[in-house]
Amino acid sequence: MNQTRDEEKLVRAAVAGDDSAFEQLMLAHQKQVYNLCLRMSGSAEDAFDLSQDAFFRAWRALGQYQFEAGFSTWLFRLTSNVCIDFLRKKKRESHVSLTFSDDEEEGKEISLPDPDPLPEELLLSRETHGELQAAMDALPVDYRVILQLRVVEDLPYEDIGRILGIPIGTVKSRLARARIQLRKNLLSGNNSPFCSSMTVEGR
Amino acid sequence: MMCEEALTLISAKLDGALTKQEDDALQAHLEHCPECRRVLQELTDAENGIHELQADPPDTLVPGVMKKIRREREKRAERKGFFWSAGVLVSAAAVLAILFGMGLIKLPGFDRDAPATAAIGHVYEIAGSDEHESAARIADERDCAVLVVLSKGKTLPELEGMEYQTMDDGARLYVTDNTVLSGIETAYRGDYAITVYEPAGPYSTDASAEACVLLAP
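Protein chains in written order, with the working numbering: chain P, 668 to 870; chain F, 5 to 221.
If you're looking for bench data, these hints aren't it; they were derived computationally from the structure. Misleading hints may appear alongside valid ones.
Dumping the calculated DSSO-like pairs for lysine-lysine here, alpha-carbon to alpha-carbon at most 30 Å [as the list claims (entries may be wrong)]:
1) P:K851 <-> P:K757
2) F:K71 <-> P:K676
3) P:K757 <-> F:K72
The shape of chain F in the complex, shown without the other chains (with noise of 0.2 Å):
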């Protein structure tokens, strides 16, 4: 065996990793070669050193990313109370345009209790939240937009052929390019409950930019 070889086996023999043969093999060599036999010593206390070169994180390592994550989580809530109120503002005109196409809209009072319920469905309406938290933390991951659809385990065809990643939940995760992000939401906001998640941060809103649609089921 020449030197050449017996380095790659004592690094091999370092992890563990020799069968018996190679062991052999090495063991051969080593005898009647002292260089590769203080390869080998040196290395094997340079290893033990490096043990030793370890040092303890900080206490505060761990607070400080609980202090992170909670202050996300309100900014989150935040975004969550803005996408809500959104809702109801957009369900409410859909209300006041029906009742007042039906000549039933008395100004300016307006019963909460007036049969309302027809126009939703129609409207933008806000996809589910809790289990959208992951829409969120995407968008913050990848830095773009993602568009939630409640597609009730229907493909779309602007996303056939593409490929995705199934999420924990089964929710399809397709990343394309705000074009497709827009078309789909102009072209569903009807049939399908959808919310558009935003980075915190500023993100490019450029038509070739990236772009993610979450078809949760």
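Looking at chain P on its own, in the form it has when it is part of the complex (with noise of 0.2 Å):
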């Protein structure tokens, strides 16, 4: 009935040192830890080599887990984390977009999306899978979490304001910076995922 107590147990007894309850917990949250770092790393494999790293991180920390937040919240903050320190060391050889937007600063904006290029019938209704997932990809990786977060997720403001450690005021404008630019990628039809630069500031 009640999940949130019910994981609670399991945390309580994976922290006192139950494998077994840890297993679980990792079974009810394989998903979710892996399609983040899916859409973080862009890539199968690495996302496969991530979730492993920040499950066992999560195992070796969990004596640090308060209880202050919720169990799968302080697990995205430790999963994006453990991305965010991959995508740093590779930012070289990546092949995803590793930029994060630079304009987040609070009353900049919204720029407008440009005028529709084409006919309303070659838009998403014709989009494949294939080129939703390039748009993706071309986002600047904070843009591709949020979304993540939201839209697959669909965890309520708040949590997504823990998770990444920002006010919700930017959550929300983060968040309608990132549809807008994922339009903007879908209509040009300059879905390149090969990004130029990178510039990940300390946060």
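Bring the two chains, given one by one in their own frames, into a single complex with the hints.
This is the structure in structure tokens:
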């Protein structure tokens, strides 16, 4: 019934050294963790390694989990940090965009989408899986993460703010920008995932 | 309403985060703005599509982590064994010294039932084992040494005023440096049970490098 309470029980058992409890937690969260890694790294192979690394680190850091946020929020935050560390190390060779958006400052206006250059029937109805994938991969990494957390994981703004360490206002504006950029990528046809520069800020 | 404002509202609408008032205002705008209507439709389609990009993790993911965890447990067990044998050696040496001092010792024979306990407590003792699993974890996680002090609820003047994190078992975790760590180790090894946990991999022993002190209740 109460999933949160059951999960809390499992977490407490895992902290106390019950590895099968931790295994159950992993089974319950592996799809979320794997897909976040997949979205961030852009590669199935890297996503596999990153997910394993994130879970192993979570196991070692369990004693530090204070139950102040939900377990999945804590796990997402840890996973996202593991991925960002990885992207920093790997920035030169990666085949997905590792840029962070640079338009997060409060008060900055959202730019209007380009006037639609294509007839309506050519738009999303005809988007293939691959084109959407490419449009997603071409987004800056912070846009990819926030769309994953919001659209796929259906997390409330508050949780997203906790995971990414940003205020709710920034969650909202970043989501709006991410969506506008995603649409631009879809429309432009210039979905080249080979993105240029990478500037990873310390955060 | 300008299109710019509408775009922010469209994003919030997709999140189901609009108030009734905002929703009405957006609807009014959409009715006479085909461009924004199109944006809403396209984004709705795109977000439905994003769900289809999700993949199933390989079956080997969780078993792989479990394997790593078992290996880590074995490593820790070895480490713990090392601390125990070190402790036993030190205690034995202290017993020998006392017996020798009292003129009771008869080498090479050494009776296990000799009145030895008097010496223990004044030597480098081993802090409790299982409850400090977390210390080994912290050492590995932070790549630094962790000094566990069974201070029985007392705080140490060296740590006064420093920030600490309270662990689930009530232990206090102080993040400090190697100078403080070795100072405490030297000053209190006669008074409290003390254990140092080291990370499995290499770590810095520089005086100013990070080190942790865990005050166990």
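Here is how each hint holds up against the structure:
1. Taking the CA atoms of K851 of chain P and K757 of chain P, the gap is about 27 Å. The hint holds against a cut of 30 Å.
2. Taking the CA atoms of K71 of chain F and K676 of chain P, the gap is about 23 Å. The hint holds against a cut of 30 Å.
3. With a C-alpha separation of about 24 Å, the suggested pairing of K757 of chain P with K72 of chain F holds against the 30 Å cut-off.
Figure legend: structure checked against the earlier numbered hints; every hint is met.
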